[in-house]
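Between the sequences and the hints, there should be enough to build the whole structure, so can you do that?
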Amino acid sequence: MTATLEMRKSQKIREAVKNAGCFSNSATREADQQLAELDLPHFKAEAWKYTRVGYLAATKWSANPTSEIYDISHWKADPEEANTLVFVNGYYRADLSSLHEMPAGVIVTDLKTASEYHPELLEAQYGKHTVNTEVFTALNAAQPFGGLFLYIPDHVVVERTVQMLHLVTHEDTIAQPHHLIRVGENAQVKLVGTFGSINSCNAFVNSVMQISVGKAAHVQYDKLQAEDEGISHICTEYVHQDAQSTFKINTITLNGKMIRNSLHISVNGKHCETYLNGLYVGKGRQHIDNHTQVDHRVPDCYSEENYKGLMDEASSAVFNGKVFVRQDAQKTNAFQNNGNILLSRDARVNSKPELEIYADDVKCSHGSTTGRLNEEALFYLRARGLGKHSARRLLIAAFASDVLESIDNKSVRAMVNRYLQDRHNWSFD
Amino acid sequence: MLSIKGLKAEIEGKEILSGIDLEVKAGEIHAIMGPNGSGKSTLASVLAGREEYEVTGGSVTYKGKDLLEMAAEDRAREGVFLAFQYPVEIPGVSNINFLKTALNEIRTSKGLEPITAKDFLARVRERSALVELDTKLKNRSVNEGFSGGEKKRNEIFQMAMLEPSLSVLDETDSGLDIDALRIVANGVNQLKNETNATIVVTHYQRLLDYIIPDFVHVLYQGRIVRSGPKELAMELEEKGYDWIKEENGETVDV
Ligand SMILES: Nc1ncnc2c1ncn2[C@@H]1O[C@H](COP(=O)(O)OP(=O)(O)O)[C@@H](O)[C@H]1O
Ligand SMILES: [Mg+2]
Numbered sequence: 000m001t002a003t004l005e006m007r008k009s010q011k012i013r014e015a016v017k018n019a020g021c022f023s024n025s026a027t028r029e030a031d032q033q034l035a036e037l038d039l040p041h042f043k044a045e046a047w048k049y050t051r052v053g054y055l056a057a058t059k060w061s062a063n064p065t066s067e068i069y070d071i072s073h074w075k076a077d078p079e080e081a082n083t084l085v086f087v088n089g090y091y092r093a094d095l096s097s098l099h100e101m102p103a104g105v106i107v108t109d110l111k112t113a114s115e116y117h118p119e120l121l122e123a124q125y126g127k128h129t130v131n132t133e134v135f136t137a138l139n140a141a142q143p144f145g146g147l148f149l150y151i152p153d154h155v156v157v158e159r160t161v162q163m164l165h166l167v168t169h170e171d172t173i174a175q176p177h178h179l180i181r182v183g184e185n186a187q188v189k190l191v192g193t194f195g196s197i198n199s200c201n202a203f204v205n206s207v208m209q210i211s212v213g214k215a216a217h218v219q220y221d222k223l224q225a226e227d228e229g230i231s232h233i234c235t236e237y238v239h240q241d242a243q244s245t246f247k248i249n250t251i252t253l254n255g256k257m258i259r260n261s262l263h264i265s266v267n268g269k270h271c272e273t274y275l276n277g278l279y280v281g282k283g284r285q286h287i288d289n290h291t292q293v294d295h296r297v298p299d300c301y302s303e304e305n306y307k308g309l310m311d312e313a314s315s316a317v318f319n320g321k322v323f324v325r326q327d328a329q330k331t332n333a334f335q336n337n338g339n340i341l342l343s344r345d346a347r348v349n350s351k352p353e354l355e356i357y358a359d360d361v362k363c364s365h366g367s368t369t370g371r372l373n374e375e376a377l378f379y380l381r382a383r384g385l386g387k388h389s390a391r392r393l394l395i396a397a398f399a400s401d402v403l404e405s406i407d408n409k410s411v412r413a414m415v416n417r418y419l420q421d422r423h424n425w426s427f428d
Numbered sequence: 000m001l002s003i004k005g006l007k008a009e010i011e012g013k014e015i016l017s018g019i020d021l022e023v024k025a026g027e028i029h030a031i032m033g034p035n036g037s038g039k040s041t042l043a044s045v046l047a048g049r050e051e052y053e054v055t056g057g058s059v060t061y062k063g064k065d066l067l068e069m070a071a072e073d074r075a076r077e078g079v080f081l082a083f084q085y086p087v088e089i090p091g092v093s094n095i096n097f098l099k100t101a102l103n104e105i106r107t108s109k110g111l112e113p114i115t116a117k118d119f120l121a122r123v124r125e126r127s128a129l130v131e132l133d134t135k136l137k138n139r140s141v142n143e144g145f146s147g148g149e150k151k152r153n154e155i156f157q158m159a160m161l162e163p164s165l166s167v168l169d170e171t172d173s174g175l176d177i178d179a180l181r182i183v184a185n186g187v188n189q190l191k192n193e194t195n196a197t198i199v200v201t202h203y204q205r206l207l208d209y210i211i212p213d214f215v216h217v218l219y220q221g222r223i224v225r226s227g228p229k230e231l232a233m234e235l236e237e238k239g240y241d242w243i244k245e246e247n248g249e250t251v252d253v
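Top to bottom, those sequences are chains A and B.
The opening residue of the first sequence carries number 0 in numbering that gives the first Met the number 0; numbering runs sequentially from there.
The opening residue of the second sequence carries number 0 in numbering that gives the first Met the number 0; numbering runs sequentially from there.
Hint data in this document are derived by calculation from the structure and do not stem from the laboratory.
As the structure is a computational prediction, the values presented were derived from the model and not from experiment.
Be a bit skeptical, because a hint or two may be false.
Said to hold, decoys possible - In silico DSSO-like links for lysine-lysine, alpha-carbon gap of 30 Å or less:
(1) B:Lys64 with A:Lys387
(2) A:Lys214 with B:Lys137
(3) B:Lys135 with A:Lys387
(4) A:Lys387 with B:Lys229
(5) B:Lys7 with A:Lys387
(6) B:Lys191 with B:Lys137
(7) B:Lys62 with A:Lys387
(8) B:Lys137 with B:Lys99
(9) B:Lys99 with A:Lys409
(10) A:Lys321 with A:Lys269
(11) A:Lys387 with B:Lys4
(12) A:Lys8 with A:Lys48
(13) B:Lys117 with A:Lys387
(14) A:Lys247 with A:Lys269
(15) B:Lys109 with B:Lys62
(16) B:Lys137 with A:Lys409
(17) B:Lys64 with B:Lys117
(18) B:Lys4 with B:Lys24
(19) B:Lys191 with B:Lys229
(20) A:Lys269 with A:Lys59
(21) B:Lys4 with B:Lys64
(22) A:Lys111 with A:Lys8
(23) A:Lys282 with A:Lys111
(24) A:Lys387 with B:Lys137
(25) A:Lys387 with B:Lys99
(26) A:Lys111 with A:Lys75
(27) B:Lys238 with A:Lys409
(28) A:Lys409 with B:Lys62
(29) B:Lys137 with B:Lys4
Unchecked claim - Over the 10 Å line for every Cβ pair with chain A, so calculated as not near, a few chain B residues:
(30) Glu9
(31) Glu104
(32) Leu120
(33) Ser140
(34) Asn188
(35) His202
(36) Arg222
Claimed, not checked - Residues of chain A clear of chain B, computed beta-carbon distances all greater than 10 Å:
(37) Ala103
(38) Asp345
(39) Ala358
(40) Leu380
Beta carbons are placed, not taken as given, at the ideal position from N, Cα and C, and that holds for glycine.
Here it is, written out as structure tokens:
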């Protein structure tokens with residue numbers, strides 16, 4: 000009985016996005032068939048225990064490929080320099096985007112164009128690393144509205160940042176961007192993803208990103224989620240690392256109604272480095288869930304994860320960090336830390352590091368703390384003349400500083416600071 | 000400058016200060032001595048505005064104002080300074096940024112412009128030299144990984160930077176070797192003038208060889224049981240605190 004009811008829920012959303020995708024091929028059709036068999040996650044499912052998503056079926060969502068013009072200047076990373084691809088309600092907007100000349104062989108375009116001009120490259124990449132048994136991934140993969148298609152050949156270093164600038168607008172909008180990124184052997188790129196909203200109290204962003212990091216390649220991704228209080232966002236990334244590659248991701252979540260980040264990183268070649276940092280800041284009744292997974296399949300790799308949460312008012316957060324160290328993955332070094340500060344009595348955090356280690360010669364550690372601002376330190380600062388607010392701000396900035404310092408892109412960092420100033424009245428300079 | 004009358008304070012329902020009277024005038028140095036647990040730090044904390052302590056009686060007037068009505072930060076802005084017995088380590092907050100923020104919030108409260116970067120640095124250079132504070136420590140996180148002696152010097156450095164009117168030094172001598180003690184005492188003496196006052200809280204007479212008090216008070220079981228000139232400290236050193244305890248009706252194992 001329950002099953003059919005839940006089934007109806009996922010199929011309602013499936014109906015809403017029918018024919019909303021920007022292309023279709025055998026992979027999208029396959030995803031759609033898989034979707035037909037899937038329910039929305041039940042709260043009894045371990046991975047969704049503390050995050051309820053059933054309410055997403057209560058809205059009659061609609062895809063909304065609008066051509067309205069917006070001022071996007073304050074969302075832009077490296078305004079004069081970056082390649083900025085703008086997605087409104089998940090659809091690519093060439094008119095708002097700015098693309099620069101790129102090194103020879105680099106393809107930077109949108110998914111729809113790629114499906115027309117580079118179908119064989121798209122086919123080789125699309126769906127290669129996604130897991131369509133995850134209902135939100137299948138939902139997106141069946142109907143991708145638009146996305147970045149980035150192909151970087153071997154040995155090419157892309158100097159200019161590539162930004163995916165997302166905006167969602169209007170009531171009851173559903174948006175499904177899907178980004179495909181392939182970074183060749185020994186190549187390098189810096190990515191920025193920003194998510195915002197304009198004039199919407201209820202919208203649902205279901206985004207997917209696939210990144211292939213080639214042998215000895217370097218990829219850095221700074222991701223900023225700052226949609227308004229009414230926006231739900233399920234954000235799923237699949238990262239595939241080849242040998243000797245470095246992948247760094249910073250996930251900064253500053254607003255939104257319900258944000259779920261599912262980050263899957265699979266480390267498939269020796270001597271890789273993987274860095275995952277996160278900062279989430281909650282207020283009101285926001286709910287922020289970070290599920291991360293690093294799958295060490297081979298020996299001699301290094302991963303380091305550091306997520307920090309600052310939760311105010313009645314907000315809640317979930318952190319679940321899975322690290323698999325497979326039997327073959329000897330000499331793995333994997334470190335994980337999750338720290339949370341509760342700024343009010345009503346804020347809550349569920350933190351669960353999960354190390355599953357099947358190899359015997361490894362160095363792994365994890366730590367998780369949830370507490371309040373140090374009262375002794377607050378008094379010390381106030382006894383030197385700092386007001387309550389500045390004393391709190393200093394301690395908060397100190398707590399978040401290591402994650403903020405890992406943000407590579409200066410303009411993203413400025414955006415974060417500005418946002419924290421406007422929304423929380425914390426100045427961090 | 001400071002007038003304490005019949006001050007009573009408790010924590011978690013336990014009375015710690017049972018009626019303290021103390022008058023401190025500008026230009027004076029007062030020493031408060033007493034055995035461990037007698038309430039010295041409690042008195043210092045109550046003066047600095049720690050909220051865990053509940054004042055249950057008496058009054059404290061500072062520069063004509065009701066000190067007990069003021070928040071901790073307002074007391075600091077009005078010139079009250081507590082050198083902590085146990086300075087807190089604050090990872091991630093740079094010593095120097097914190098001091099600059101403190102100094103500027105104090106200045107703003109007085110309607111003054113923020114200090115210029117140049118003046119600030121000049122002051123840091125001059126005042127850290129006063130207590131021979133290692134330059135590296137200025138840029139580190141507040142007290143993080145400092146040795147006991149470095150923490151105490153950092154307290155006096157902060158005092159030198161903020162130029163308070165009333166300084167309460169809580170066991171600033173404990174954990175210092177003789178050289179460090181001399182340096183800290185020298186810092187305090189140099190900052191001393193006709194317009195400010197110092198209360199030196201100490202367990203031992205040792206510090207008072209370097210900072211010469213005008214008055215010595217003995218605190219025992221939450222009361223000042225004896226006050227006198229600096230010679231009282233010598234007497235305490237000779238006879239020990241048992242003498243005070245016996246006088247106050249406690250049996251002492253010999
Ligand atoms: N936070 C506290 N909770 C309970 N008792 C306390 C607390 N702080 C101090 N006390 C008690 O108050 C008494 C005086 O302590 P304190 O003022 O630190 O003495 P002193 O500084 O003279 O050694 C002691 O008996 C101590 O145990
Ligand atoms: Mg004490």
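Now the hints, each set against the structure:
1. B:Lys64 with A:Lys387: Holds, at about 21 Å.
2. A:Lys214 with B:Lys137: violated, 44 Å
3. B:Lys135 with A:Lys387: OK: lysine 135 of chain B and lysine 387 of chain A at ~28 Å, within 30 Å.
4. A:Lys387 with B:Lys229: violated, 39 Å
5. B:Lys7 with A:Lys387: This hinted pair holds, its Cα atoms lying about 26 Å apart.
6. B:Lys191 with B:Lys137: The hint holds at about 23 Å.
7. B:Lys62 with A:Lys387: holds, 23 Å
8. B:Lys137 with B:Lys99: holds, 11 Å
9. B:Lys99 with A:Lys409: It holds: about 25 Å lies between the C-alpha atoms, which stays within 30 Å.
10. A:Lys321 with A:Lys269: holds, 20 Å
11. A:Lys387 with B:Lys4: holds, 29 Å
12. A:Lys8 with A:Lys48: holds, 18 Å
13. B:Lys117 with A:Lys387: Satisfied, since the Cα-Cα distance of roughly 27 Å is no more than 30 Å.
14. A:Lys247 with A:Lys269: holds, 17 Å
15. B:Lys109 with B:Lys62: Roughly 15 Å separates the two Cα atoms, so the pair holds.
16. B:Lys137 with A:Lys409: holds, 27 Å
17. B:Lys64 with B:Lys117: violated, 34 Å
18. B:Lys4 with B:Lys24: holds, 14 Å
19. B:Lys191 with B:Lys229: holds, 17 Å
20. A:Lys269 with A:Lys59: violated, 47 Å
21. B:Lys4 with B:Lys64: The hint holds at about 14 Å.
22. A:Lys111 with A:Lys8: Holds: lysine 111 of chain A and lysine 8 of chain A sit about 29 Å apart, inside 30 Å.
23. A:Lys282 with A:Lys111: Cα-Cα ~37 Å, so violated.
24. A:Lys387 with B:Lys137: Between lysine 387 of chain A and lysine 137 of chain B the Cα gap is close to 23 Å, so the pair holds against 30 Å.
25. A:Lys387 with B:Lys99: holds, 16 Å
26. A:Lys111 with A:Lys75: holds, 23 Å
27. B:Lys238 with A:Lys409: violated, 66 Å
28. A:Lys409 with B:Lys62: Violated. Lysine 409 of chain A to lysine 62 of chain B sits at ~49 Å, over the 30 Å cutoff.
29. B:Lys137 with B:Lys4: violated, 39 Å
30. Glu9: Check passes; 18 Å lies beyond 10 Å.
31. Glu104: violated, 5 Å
32. Leu120: holds, 18 Å
33. Ser140: violated, 8 Å
34. Asn188: Per Cβ check, asparagine 188 of chain B is outside 10 Å of chain A; nearest 22 Å; holds.
35. His202: Consistent with the label, histidine 202 of chain B stays out of reach of chain A, its closest Cβ about 22 Å off (over 10 Å).
36. Arg222: holds, 25 Å
37. Ala103: Holds, because the least Cβ-Cβ distance between alanine 103 of chain A and chain B comes to about 45 Å, which exceeds 10 Å.
38. Asp345: holds, 22 Å
39. Ala358: Check passes; 33 Å lies beyond 10 Å.
40. Leu380: violated, 7 Å
Checked against the numbered hints above, the structure breaks hints 2, 4, 17, 20, 23, 27, 28, 29, 31, 33 and 40 and satisfies the rest.
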